[in-house]
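Number of protein chains: 2
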Amino acid sequence: MRTVDVDMKVKLIHGFSNKTRMQILDCIKEQEKTVSQIIDEIKGNQSNISQHLACLKGCGIIVGRNEGKYIYYSLRNQHIRDLLTMFDVVLEDVESDVACCDRHID
Amino acid sequence: MRTVDVDMKVKLIHGFSNKTRMQILDCIKEQEKTVSQIIDEIKGNQSNISQHLACLKGCGIIVGRNEGKYIYYSLRNQHIRDLLTMFDVVLEDVESDVACCDRHID
DNA sequence: TTATCATATTAGCTTTTACTAATATGTGTG
DNA sequence: CACACATATTAGTAAAAGCTAATATGATAA
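Chains Y and F are the protein sequences, given in the same order. Under this note's numbering, think of the first position of the first sequence as 4, with each following residue one higher. Under this note's numbering, think of the first position of the second sequence as 4, with each following residue one higher.
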């Protein structure tokens with residue numbers, strides 16, 4: 004297998020490692036949504052969500068499509084969807100551990 | 004599919020979203036290693052690596068096995084290994100985007 | 001039982017990330 | 001054109017994460 008740049012891999016994964024971003028991803032997993040719809044569904048702050056969308060888009064995790072005054076966001080491709088599903092699978096294995104791990108360092 | 008707790012999922016993913024932790028995981032992906040071996044291979048600070056190992060273990064991503072004065076760490080199971088592989092697959096899709104995304108927010 | 005090696009923990013500090021509020025841009029509509 | 005709505009950007013601040021150095025624990029071996 005080809006060698007992948009660790010920095011880039013970590014940067015990619017970082018895209019998934021925040022609650023708001025994960026909520027956005029869950030929200031558009033099956034169907035594209037406008038920014039307003041996303042804000043509505045996850046009850047977030049407009050500015051905050053916009054920033055997270057920029058982050059996800061910058062990492063190539065999601066794509067945006069303009070239609071009139073709306074912008075529809077969706078997952079980039081099926082691989083991303085598979086990855087999201089995989090997270091859920093792995094979570095079932097580790098759930099009890101993660102639950103009691105209260106911080107990441109220290 | 005059962006509903007998963009977002010907070011917990013994010014916490015799990017967080018385990019993968021740091022360069023040092025990813026280096027540790029790559030390092031033990033195929034074979035268990037002692038802490039000293041890991042420190043050696045990734046040329047890290049002992050305290051720092053120990054903290055990251057605690058984090059990975061706390062999240063259930065890796066497991067430790069005592070043998071004499073050594074502790075051998077390895078991936079928890081095949082699902083974790085599959086997930087690591089999947090990261091590489093997805094990275095190939097998004098590589099060019101991630102490369103130019105310099106921060107995660109702002 | 002003391003010395004040594006392997007690993008863990010703590011504390012302090014720096015850097016990064018996330019959030020909110022305010023403001024800006026951009027697009028359609030009367 | 002002016003207004004309303006959708007989204008983005010900026011600035012400032014608060015919170016979280018990561019690093020290093022120092023110290024502690026725990027096991028083996030002399």
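Don't read these hints as lab results, they were simulated from the structure. Glycine included, C-beta positions come from ideal geometry on N, C-alpha and C. Heads up, a few of these hints could be off.
Claimed, not checked - Quick list of the computed label-pair ranges, beta carbon to beta carbon: (1) F:S53 with Y:Q49: 21 to 27 angstroms; (2) F:Q49 with Y:E95: 18 to 24 angstroms; (3) F:K22 with Y:R68: 57 to 63 angstroms; (4) Y:N51 with F:S53: 15 to 21 angstroms; (5) Y:V92 with F:N48: 32 to 38 angstroms; (6) Y:S53 with F:Q54: 31 to 37 angstroms; (7) F:D91 with Y:E98: 39 to 45 angstroms; (8) Y:Y73 with F:E95: 54 to 60 angstroms; (9) Y:V66 with F:R68: 41 to 47 angstroms; (10) Y:K72 with F:S39: 55 to 61 angstroms; (11) Y:K32 with F:S99: 20 to 26 angstroms; (12) F:K46 with Y:K72: 40 to 46 angstroms; (13) Y:T88 with F:E70: 35 to 41 angstroms.
The hints, checked one at a time:
1. F:S53 with Y:Q49: 21 to 27 angstroms: 42 angstroms, violated
2. F:Q49 with Y:E95: 18 to 24 angstroms: 34 angstroms, violated
3. F:K22 with Y:R68: 57 to 63 angstroms: 33 angstroms, violated
4. Y:N51 with F:S53: 15 to 21 angstroms: 35 angstroms, violated
5. Y:V92 with F:N48: 32 to 38 angstroms: Once the Cβ atoms are compared, 33 angstroms apart, the range 32 to 38 angstroms for N48 (chain F) and V92 (chain Y) holds.
6. Y:S53 with F:Q54: 31 to 37 angstroms: Holds, at about 34 angstroms.
7. F:D91 with Y:E98: 39 to 45 angstroms: With Cβ atoms ~25 angstroms apart, the hint is violated.
8. Y:Y73 with F:E95: 54 to 60 angstroms: 31 angstroms, violated
9. Y:V66 with F:R68: 41 to 47 angstroms: 44 angstroms, holds
10. Y:K72 with F:S39: 55 to 61 angstroms: At roughly 60 angstroms between Cβ atoms, S39 (chain F) and K72 (chain Y) fall inside 55 to 61 angstroms, so the hint holds.
11. Y:K32 with F:S99: 20 to 26 angstroms: 23 angstroms, holds
12. F:K46 with Y:K72: 40 to 46 angstroms: 52 angstroms, violated
13. Y:T88 with F:E70: 35 to 41 angstroms: Once the Cβ atoms are compared, 36 angstroms apart, the range 35 to 41 angstroms for E70 (chain F) and T88 (chain Y) holds.
Hints 1, 2, 3, 4, 7, 8 and 12 from the list above are not met by this structure, while the remaining hints are.
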